[in-house]
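Novice: Okay, here's what each chain looks like letter by letter:
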Amino acid sequence: GNSVTQMEGPVTLSEEAFLTINCTYTATGYPSLFWYVQYPGEGLQLLLKATKADDKGSNKGFEATYRKETTSFHLEKGSVQVSDSAVYFCALAGVSGGYNKLIFGAGTRLAVHP
Amino acid sequence: DAGVIQSPRHEVTEMGQEVTLRCKPISGHDYLFWYRQTMMRGLELLIYFNNNVPIDDSGMPEDRFSAKMPNASFSTLKIQPSEPRDSAVYFCASGQGRHEQYFGPGTRLTVT
Chain V
1 GNSVTQMEGP VTLSEEAFLT INCTYTATGY PSLFWYVQYP GEGLQLLLKA TKADDKGSNK
61 GFEATYRKET TSFHLEKGSV QVSDSAVYFC ALAGVSGGYN KLIFGAGTRL AVHP
Chain G
1 DAGVIQSPRH EVTEMGQEVT LRCKPISGHD YLFWYRQTMM RGLELLIYFN NNVPIDDSGM
61 PEDRFSAKMP NASFSTLKIQ PSEPRDSAVY FCASGQGRHE QYFGPGTRLT VT
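Read top to bottom, the protein sequences are chains V and G.
For the first sequence, this note's numbering puts the final residue at 114, and the numbers step up evenly by one.
For the second sequence, this note's numbering puts the final residue at 112, and the numbers step up evenly by one.
Okay, chain G solo, but in the shape it has when bound (with noise of 0.2 Å):
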């Protein structure tokens, strides 16, 4: 299995901007995981998926900030319009059930 799969891997945009980022979990799994990452905050979970369902959007940061789950194999999580604060790596991870999670590479935001 290629693992979760991330793009872009890197994203530098102006202010204001929309951003759009994708992922494609592991094939089976039920989960979907989006997370954030920065120096001062740590990981913080933002939202998740169960069966393309979303959950738990306590984490999502205010309502610049949303996501989708349109079928089991992709999702995105889109920032409009983003803002300097909103830079950091964005994580999207997948799992099955009460087992581990497999994290993506990550998606490095700049908002400049």
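Chain V extracted, bound-state conformation (with noise of 0.2 Å):
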């Protein structure tokens, strides 16, 4: 079945530390992918997206390139903030029909520290 598996938490950086958040999915045709940031006491945003085979999306300096080659959408960004602290879920739809039903990995708790 389609599902989505991202790396366990919590991860624990200081300020300014390089951040990788492995996402891989499973899935029949050709998903969309997606990385969401929950703040805490707040709903889910979006973060970013990438719709395509290759895609780079990016958004308040994170990165995600989705790479078919290996079933990965990986979160990266160069230089953490402790207002990034908060959980991030990595999901993917479209493979089923024409609805746009969202499968959520389990979501990874940051905690970046001054």
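Hints should not be assumed to be uniformly reliable.
Claimed, not checked - Straight-line alpha carbon distances no greater than 16 Å define the calculated EDC-like cross-link-like pairs of lysine to aspartate or glutamate that follow:
(1) G:Lys78 - G:Asp57
(2) V:Lys101 - G:Glu44
(3) V:Lys101 - G:Asp30
(4) V:Lys101 - G:Asp57
(5) V:Lys101 - G:Glu100
(6) V:Lys101 - G:Asp56
(7) G:Lys78 - G:Glu62
The set of hints was computed from the structure by calculation and includes no laboratory data.
Two chains, two frames, a set of hints: combine them into the complex.
Specialist: What follows is the structure, encoded as structure tokens:
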């Protein structure tokens, strides 16, 4: 079946460190891929997306590249800030019919310390 | 656009009472989703609608839960009777076609 697997957290980093959160997926067809972020006490916000192989999504210094050959969509940021502390969810959509039902990973908590 | 609007933001109720959560999707979006988030189970899709019609309610926990979408700008999720294990944050999200979903701020439900 269709699924998303994320690295387990929490991930704890010092400010200005490099961030990688791994995400791999299993899907039939050609899904769209997303990263969502959830700050404490808030709903999920779309961080970035990629709709086809080799696309790179980017936003707020975060990047992720849709790698069909490795079925991966790893999230990276060159220099994290304390304000990036949140839970990050990888997700896929569009693998069945015409609807956009999202399949989420379990989420990875990131804690950035000064 | 104001984004997805949910009300109330917080709800505290006693076991056995009826609870109604409300959602106003983003104008023009033809999909609406209800999710539940808990520490134990993470984010669960309960039900979703397309053009106001329920498409998949396989995530609804049991008959105590029901959802309606009487028009394109309003949806409700009702729990009757409520139980302590229903305590969670409930999110509504809306989207269009094969595009991303936009989430509301959530309703934190506590059943005592």
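Novice: Hint by hint, say whether it matches the structure.
Specialist: Each hint tested on the structure:
{"no.": "1", "hint": "G:Lys78 - G:Asp57", "verdict": "13 Å, holds"}
{"no.": "2", "hint": "V:Lys101 - G:Glu44", "verdict": "12 Å, holds"}
{"no.": "3", "hint": "V:Lys101 - G:Asp30", "verdict": "12 Å, holds"}
{"no.": "4", "hint": "V:Lys101 - G:Asp57", "verdict": "12 Å, holds"}
{"no.": "5", "hint": "V:Lys101 - G:Glu100", "verdict": "9 Å, holds"}
{"no.": "6", "hint": "V:Lys101 - G:Asp56", "verdict": "10 Å, holds"}
{"no.": "7", "hint": "G:Lys78 - G:Glu62", "verdict": "12 Å, holds"}
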